[in-house]
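Here is how the chains run, residue by residue.
Protein chains: 2
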Amino acid sequence: MKWCRVQIGERISYGLVEDDEIVEVDGDPFADHRVGRARHPLQRVKLLPPIMPRVLYAAGPNYRGHLEGMAKRRGEPPRYPARPEPKLRSVNAIIGTEDEIVVPKESTGAVQPEGQLAVVIGKKARNVSRDEALDCVLGYSIGNDVSQREWQKTDRTLFRAKNCDTFKPFGPFVVTGLDPAKLRIIVRHNKTVWEDFSSADQIWDTATWLHEMSKTATLHPGDVLWMGTQGADGDMVPGDVIEIEISGIGVLRNYVVAER
Amino acid sequence: MKWCRVQIGERISYGLVEDDEIVEVDGDPFADHRVGRARHPLQRVKLLPPIMPRVLYAAGPNYRGHLEGMAKRRGEPPRYPARPEPKLRSVNAIIGTEDEIVVPKESTGAVQPEGQLAVVIGKKARNVSRDEALDCVLGYSIGNDVSQREWQKTDRTLFRAKNCDTFKPFGPFVVTGLDPAKLRIIVRHNKTVWEDFSSADQIWDTATWLHEMSKTATLHPGDVLWMGTQGADGDMVPGDVIEIEISGIGVLRNYVVAER
Numbered sequence: 081m082k083w084c085r086v087q088i089g090e091r092i093s094y095g096l097v098e099d100d101e102i103v104e105v106d107g108d109p110f111a112d113h114r115v116g117r118a119r120h121p122l123q124r125v126k127l128l129p130p131i132m133p134r135v136l137y138a139a140g141p142n143y144r145g146h147l148e149g150m151a152k153r154r155g156e157p158p159r160y161p162a163r164p165e166p167k168l169r170s171v172n173a174i175i176g177t178e179d180e181i182v183v184p185k186e187s188t189g190a191v192q193p194e195g196q197l198a199v200v201i202g203k204k205a206r207n208v209s210r211d212e213a214l215d216c217v218l219g220y221s222i223g224n225d226v227s228q229r230e231w232q233k234t235d236r237t238l239f240r241a242k243n244c245d246t247f248k249p250f251g252p253f254v255v256t257g258l259d260p261a262k263l264r265i266i267v268r269h270n271k272t273v274w275e276d277f278s279s280a281d282q283i284w285d286t287a288t289w290l291h292e293m294s295k296t297a298t299l300h301p302g303d304v305l306w307m308g309t310q311g312a313d314g315d316m317v318p319g320d321v322i323e324i325e326i327s328g329i330g331v332l333r334n335y336v337v338a339e340r
Numbered sequence: 081m082k083w084c085r086v087q088i089g090e091r092i093s094y095g096l097v098e099d100d101e102i103v104e105v106d107g108d109p110f111a112d113h114r115v116g117r118a119r120h121p122l123q124r125v126k127l128l129p130p131i132m133p134r135v136l137y138a139a140g141p142n143y144r145g146h147l148e149g150m151a152k153r154r155g156e157p158p159r160y161p162a163r164p165e166p167k168l169r170s171v172n173a174i175i176g177t178e179d180e181i182v183v184p185k186e187s188t189g190a191v192q193p194e195g196q197l198a199v200v201i202g203k204k205a206r207n208v209s210r211d212e213a214l215d216c217v218l219g220y221s222i223g224n225d226v227s228q229r230e231w232q233k234t235d236r237t238l239f240r241a242k243n244c245d246t247f248k249p250f251g252p253f254v255v256t257g258l259d260p261a262k263l264r265i266i267v268r269h270n271k272t273v274w275e276d277f278s279s280a281d282q283i284w285d286t287a288t289w290l291h292e293m294s295k296t297a298t299l300h301p302g303d304v305l306w307m308g309t310q311g312a313d314g315d316m317v318p319g320d321v322i323e324i325e326i327s328g329i330g331v332l333r334n335y336v337v338a339e340r
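First to last, the sequence lines map onto chains P and W.
The opening position of the first sequence corresponds to residue 81 in the numbering used here, with each subsequent residue numbered one higher.
The opening position of the second sequence corresponds to residue 81 in the numbering used here, with each subsequent residue numbered one higher.
These are calculated hints, taken from the structure and not from any lab test.
Incorrect hints may appear among the rest.
Identical copies carry no separate label here, and so any pair may be met within one copy or between two of them.
Result set (BS3-like, lysine-lysine): computed pairs, CA atoms no more than 27 Å apart in a straight line [unchecked claim]: (1) Lys-167 - Lys-185; (2) Lys-233 - Lys-82; (3) Lys-262 - Lys-185; (4) Lys-126 - Lys-204; (5) Lys-167 - Lys-204; (6) Lys-167 - Lys-295; (7) Lys-295 - Lys-271; (8) Lys-126 - Lys-262; (9) Lys-203 - Lys-185; (10) Lys-167 - Lys-126; (11) Lys-233 - Lys-295; (12) Lys-185 - Lys-82; (13) Lys-185 - Lys-295; (14) Lys-152 - Lys-204; (15) Lys-233 - Lys-167; (16) Lys-82 - Lys-262; (17) Lys-167 - Lys-262.
Bear in mind the structure is a predicted one, so any value in this text is a computation, not a measurement.
Chain P with its partners taken away, still in its complex shape:
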């Protein structure tokens, strides 16, 4: 199933994507719901972030390539993490596909994309085993962990570097039934491929992250975990179009503009 959330006039509704159409759903994917009758051409609806996360976790660094690339940029040897430890991101920064990434007036440094697999929790879980961890997942989506690299280097916290308004594009769909270890992730900048990597190259896989996290924190329906990125290259400037594509999910497309 391919879940989405759409705005139709004043109304916000969950929906299922079937070919080129969206079928509206009564209810939400986390509880009882009923497939309705209203259908809309996919090209004619405004797609919202497919869910609004309750808590947004970020798994990075979770690819050796990214960790080594960022260390090289800082002129330091890479330090590999000993265990999976997520950070938090602000849900206020989330936007949907086709929305604008707004570079704030305050920013003078490089702004870069990070294409990431997004894991959407569907069921409550605490102390879940590695073997059963994927049973609490509703499905998979796409995140772009937009980052201002100057602030990431100089600030004490990632507040400005990662959590400016619009810095967390998310969507367009949440797809069920995928194997999260076999997905191809492509980052395209103005149609040029900047990154092309596999989720198989993660340092820790989705099940390991959920197992470890659930030892001290309950996973709740609507929590989302972004799984880190391989690439650490390329500056985006106003006028650019940035796309993250993941096989079996779709394309998350956003437009870079300057704050007015």
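Mind docking chain W on chain P? Use the hints.
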């Protein structure tokens, strides 16, 4: 006004505290609401966290005493922050007054309280001036930023140290019309005073935090900012009672237990 949120049977409702009673409110403090007729004795209702934050920010380090105490504990010289930079906390860790702080099985290190003034945003604000920043505040409450110090020292992120289930007691009330620079904050451990300090001793005051944060991130109704703590002492163990009192707001009381 003194806002609360209560559970009455299956129903969850906002309320206003008047003397020893709670008056139920139709709606919520962030939008149109109407004071109802249902009244309940304060002692007889289950108080919930007064709001469930959309995003929970933490301002620390924001008192010289805490920063210097934590540095001494690490055997390092104190490093004073150059500017106000919040971190994020998980809203999944929030509990209300009278709820249990559960020390997870995974934990073998010291678990400590941090009494903090909590600022609840009531109106949307972006690029708000320092002079006008407090106009976007709904009111003030109390937070206990429970921290596991071993993980805080050894881990790459604060995920386990600060965001275990139940590690974020919050409440009991949100009080409007207070001066956030003139509040007395007391931390009591089994009736013994561990800390007694004034919000006047903050490195940056509430208005400065909101002004700075709003340069890159919109403040939304329901966002909450915890303002840091002065003290950094004292281990809590199962069986302990911990109270945070702030003048004009009330007492946030929680019971420490071990995970079963």
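For this structure, which hints from the list above don't hold up?
2, 3, 7, 8, 10, 12, 14
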